[in-house]
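**Student:** Based on the hints, put chain B in the right spot on chain A.
The listed protein sequences derive, respectively, from chains A and B. Numbering-wise (the working numbering), the first sequence opens with residue 1 and increments by one. Numbering-wise (the working numbering), the second sequence opens with residue 1001 and increments by one.
Just so you know, the hints here were simulated from the structure itself, not pulled from any lab data. Since this is a predicted model, take the numbers as computed values, not measurements. Cβ atoms here follow ideal geometry from the backbone N, Cα and C, with glycine treated the same way. One or more of the hints may lead you astray.
[Stated by the list, open to error] Here chain B is said to cover these stretches of chain A; the calculated rule only asks that three of the stretch's residues, wherever they fall, bring their Cβ under 8 Å from a Cβ of chain B: (1) 11-25; (2) 50-59; (3) 224-236; (4) 261-274; (5) 301-312.
[Stated by the list, open to error] List time: in silico DSSO-like cross-link candidates among lysine-lysine, alpha-carbon distance up to 30 Å: (6) B/K1031 x A/K211; (7) B/K1024 x A/K284; (8) B/K1331 x A/K315; (9) A/K28 x B/K1284; (10) A/K317 x B/K1067; (11) B/K1284 x A/K31; (12) A/K24 x B/K1234; (13) A/K26 x B/K1315; (14) B/K1234 x A/K31; (15) B/K1024 x A/K234; (16) A/K26 x B/K1211; (17) A/K26 x B/K1026; (18) B/K1234 x A/K26; (19) A/K24 x B/K1315; (20) B/K1331 x A/K24; (21) B/K1145 x A/K331; (22) A/K28 x B/K1234; (23) A/K331 x B/K1284; (24) A/K44 x B/K1031; (25) A/K234 x B/K1031; (26) B/K1028 x A/K331; (27) A/K331 x B/K1315; (28) A/K317 x B/K1024; (29) B/K1026 x A/K234; (30) A/K24 x B/K1067; (31) A/K315 x B/K1067; (32) A/K28 x B/K1317; (33) A/K284 x B/K1026; (34) B/K1044 x A/K331; (35) A/K331 x B/K1317; (36) B/K1028 x A/K26; (37) B/K1028 x A/K24; (38) A/K28 x B/K1331; (39) A/K67 x B/K1315; (40) A/K317 x B/K1331.
Number of protein chains: 2
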Amino acid sequence: MRKLINDPDNIVDELIDGFVLANKDKVKRIKGTTAVARIDAPIKDKVGIVIGGGAGHEPLFIEYVGKGMADAEAHGQIFTSPSSAVILEAIKAADAGKGVLLVYCNYAGDVLNFNAAQEIARDEGIEVDTSLIYDDISSAPLDNKEDRRGTTATPIIIKIAGAASSTGMGLNELKGLVDTASINSRSLGVSLSACTLPETGLATFTLEDGKMEFGMGLHGEAGIKKVDIMTADKTTETILDLIIADLPFSEGDEVIALVNGYGSTTRMEMFIVARKIHQYLGQKGIDIYSTEIGEFCTSLEMAGMSITLIKLDDKIKEYYDMAADSSGYIKL
Amino acid sequence: MRKLINDPDNIVDELIDGFVLANKDKVKRIKGTTAVARIDAPIKDKVGIVIGGGAGHEPLFIEYVGKGMADAEAHGQIFTSPSSAVILEAIKAADAGKGVLLVYCNYAGDVLNFNAAQEIARDEGIEVDTSLIYDDISSAPLDNKEDRRGTTATPIIIKIAGAASSTGMGLNELKGLVDTASINSRSLGVSLSACTLPETGLATFTLEDGKMEFGMGLHGEAGIKKVDIMTADKTTETILDLIIADLPFSEGDEVIALVNGYGSTTRMEMFIVARKIHQYLGQKGIDIYSTEIGEFCTSLEMAGMSITLIKLDDKIKEYYDMAADSSGYIKL
Chain A
1 MRKLINDPDN IVDELIDGFV LANKDKVKRI KGTTAVARID APIKDKVGIV IGGGAGHEPL
61 FIEYVGKGMA DAEAHGQIFT SPSSAVILEA IKAADAGKGV LLVYCNYAGD VLNFNAAQEI
121 ARDEGIEVDT SLIYDDISSA PLDNKEDRRG TTATPIIIKI AGAASSTGMG LNELKGLVDT
181 ASINSRSLGV SLSACTLPET GLATFTLEDG KMEFGMGLHG EAGIKKVDIM TADKTTETIL
241 DLIIADLPFS EGDEVIALVN GYGSTTRMEM FIVARKIHQY LGQKGIDIYS TEIGEFCTSL
301 EMAGMSITLI KLDDKIKEYY DMAADSSGYI KL
Chain B
1001 MRKLINDPDN IVDELIDGFV LANKDKVKRI KGTTAVARID APIKDKVGIV IGGGAGHEPL
1061 FIEYVGKGMA DAEAHGQIFT SPSSAVILEA IKAADAGKGV LLVYCNYAGD VLNFNAAQEI
1121 ARDEGIEVDT SLIYDDISSA PLDNKEDRRG TTATPIIIKI AGAASSTGMG LNELKGLVDT
1181 ASINSRSLGV SLSACTLPET GLATFTLEDG KMEFGMGLHG EAGIKKVDIM TADKTTETIL
1241 DLIIADLPFS EGDEVIALVN GYGSTTRMEM FIVARKIHQY LGQKGIDIYS TEIGEFCTSL
1301 EMAGMSITLI KLDDKIKEYY DMAADSSGYI KL
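Bound conformation, chain A alone (with noise of 0.2 Å):
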């Protein structure tokens, strides 16, 4: 195994150590648990920010915590959810009284976890919502589109939930922004090769090398069609096809385009990935108010990209407009 660790039984310890060692400005770990929060949480007079999930995705979430983002933070063993247990102490760490939203994706472990979590906190009096993240239209079909898995479209939703939370809105008006700008979310990635799981030294899946894979999960989830590698022209055109079709994106509408890497993938490949969606959606008459690169939201070091468009109005661009500052994703 290539890989830089330790004990392979403390490898999310260790990373939420460094990563609050090197944030110490920002972060602080709650103690004895596996979750984070913003240094100066609970803030005052606002609705505190939730999320979390597995490990294996960094930067997601653990890096979207701070000022115009989440304010707590619960991750996760590699690929797994955060108990019950760690997503309390992370409410109990954002909640200054005007409730909590949570915000994270839709996976069957999490949903159960933070439920459970939820029911706690409200039995002790804390006021909790939660908005799911179901973008990956690969996942289910469109009339079943609340079963869909939530991926990268993730850490602009919760750039939109900091951002409006900062503004002393209300946790039921805060949720019906989060969940309209999760509706508004279509992705859809591609694989070139598995991810190697660090506890085992094993991958998690097998692609046969001169082949790709539509759709497969950021856990190895198989996904719905396997081909022979596409130009990234080829590629681009036929994930932004899926996805226009899905909402669908209209002429006229305005989007946020959003390349993200996996975890082995070259910028120089975004960036030409991100060269065909401007022409494409140009072509579509789509209008791209912003376009986001990066590894957002990784399996490991899985190769391979996904593209998110997110629909906006003058709200949902209003909260993304502003100013944020976490150590995953920072706006000026």
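**Tutor:** For chain B alone, coordinates are given in the frame of chain A:
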């Protein structure tokens, strides 16, 4: 080859197009060249900062063009210096009559072409000077430190040059400051796998499974020691011992500590390394002013990482702390 590209001959052209389209509020392409410049270049009353080098190291150098960073960049083909003609165009785009400082890494091809462009520009009446970066301690002994290659100190040195130039500092003083930052920087890396050249599909070198190599260059240049893969902690200690002894860094020194991923390094691994850097420098009484973690300077999708320490003085710290806004480096 597991890469998302189109025609291998057009990679650099297309990546620059995509980069400029994605950042059109910040940068422009200099027509007919592989050079880019700040959208508002040349900037009045400011020495221009011109950077550049081969492609394949993105975000280096192209993504360090922006406010508080460089004014123009010359991008070469993959692992190949830009031509003197392209560098000359970048110099002209950056020059507002107050002169231009060339800031780039010490490689024979780059030195040849940047020097040629400098001579032509001077002949045309533009005041030009050079600050070379040569932080890689593995590439030549201390007695010949001017022969060393420039590596992962580069983004921070560009950041300091960009900030200082934006205060209106003259060319001579600026060169002195940037040279000091360069002289106070030391880096050393370790590779865990090779990368594949997208034009040919060939690996840059071979490294048997289970081995790691210290001092491997960014283009597959041979390193100084091949060993069985060690723990992250032991790897970090080994690198720090060599870096600390080389400057030398001493008790009471204040440093920027940078962990750089080479391409397919997970942030998980980089945080585990950062944790050890904090522990180890703490034991030595060396104070970490700031920790930078990211893929700042890659070798396509090579696995492994490098550590850079930059010794600070009050002046360098002042310019490091100023705001920066480029696609590859943002500071609030």
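**Student:** Could you run down the list of hints and mark each one as holding or not?
**Tutor:** Hints, verified against the model:
{"no.": "1", "hint": "11-25", "verdict": "holds (count 10)"}
{"no.": "2", "hint": "50-59", "verdict": "holds (count 4)"}
{"no.": "3", "hint": "224-236", "verdict": "holds (count 5)"}
{"no.": "4", "hint": "261-274", "verdict": "holds (count 12)"}
{"no.": "5", "hint": "301-312", "verdict": "holds (count 4)"}
{"no.": "6", "hint": "B/K1031 x A/K211", "verdict": "37 Å, violated"}
{"no.": "7", "hint": "B/K1024 x A/K284", "verdict": "20 Å, holds"}
{"no.": "8", "hint": "B/K1331 x A/K315", "verdict": "26 Å, holds"}
{"no.": "9", "hint": "A/K28 x B/K1284", "verdict": "24 Å, holds"}
{"no.": "10", "hint": "A/K317 x B/K1067", "verdict": "24 Å, holds"}
{"no.": "11", "hint": "B/K1284 x A/K31", "verdict": "27 Å, holds"}
{"no.": "12", "hint": "A/K24 x B/K1234", "verdict": "24 Å, holds"}
{"no.": "13", "hint": "A/K26 x B/K1315", "verdict": "25 Å, holds"}
{"no.": "14", "hint": "B/K1234 x A/K31", "verdict": "27 Å, holds"}
{"no.": "15", "hint": "B/K1024 x A/K234", "verdict": "24 Å, holds"}
{"no.": "16", "hint": "A/K26 x B/K1211", "verdict": "37 Å, violated"}
{"no.": "17", "hint": "A/K26 x B/K1026", "verdict": "27 Å, holds"}
{"no.": "18", "hint": "B/K1234 x A/K26", "verdict": "28 Å, holds"}
{"no.": "19", "hint": "A/K24 x B/K1315", "verdict": "24 Å, holds"}
{"no.": "20", "hint": "B/K1331 x A/K24", "verdict": "16 Å, holds"}
{"no.": "21", "hint": "B/K1145 x A/K331", "verdict": "38 Å, violated"}
{"no.": "22", "hint": "A/K28 x B/K1234", "verdict": "26 Å, holds"}
{"no.": "23", "hint": "A/K331 x B/K1284", "verdict": "36 Å, violated"}
{"no.": "24", "hint": "A/K44 x B/K1031", "verdict": "52 Å, violated"}
{"no.": "25", "hint": "A/K234 x B/K1031", "verdict": "27 Å, holds"}
{"no.": "26", "hint": "B/K1028 x A/K331", "verdict": "21 Å, holds"}
{"no.": "27", "hint": "A/K331 x B/K1315", "verdict": "26 Å, holds"}
{"no.": "28", "hint": "A/K317 x B/K1024", "verdict": "18 Å, holds"}
{"no.": "29", "hint": "B/K1026 x A/K234", "verdict": "28 Å, holds"}
{"no.": "30", "hint": "A/K24 x B/K1067", "verdict": "26 Å, holds"}
{"no.": "31", "hint": "A/K315 x B/K1067", "verdict": "28 Å, holds"}
{"no.": "32", "hint": "A/K28 x B/K1317", "verdict": "25 Å, holds"}
{"no.": "33", "hint": "A/K284 x B/K1026", "verdict": "25 Å, holds"}
{"no.": "34", "hint": "B/K1044 x A/K331", "verdict": "26 Å, holds"}
{"no.": "35", "hint": "A/K331 x B/K1317", "verdict": "22 Å, holds"}
{"no.": "36", "hint": "B/K1028 x A/K26", "verdict": "34 Å, violated"}
{"no.": "37", "hint": "B/K1028 x A/K24", "verdict": "36 Å, violated"}
{"no.": "38", "hint": "A/K28 x B/K1331", "verdict": "21 Å, holds"}
{"no.": "39", "hint": "A/K67 x B/K1315", "verdict": "28 Å, holds"}
{"no.": "40", "hint": "A/K317 x B/K1331", "verdict": "22 Å, holds"}
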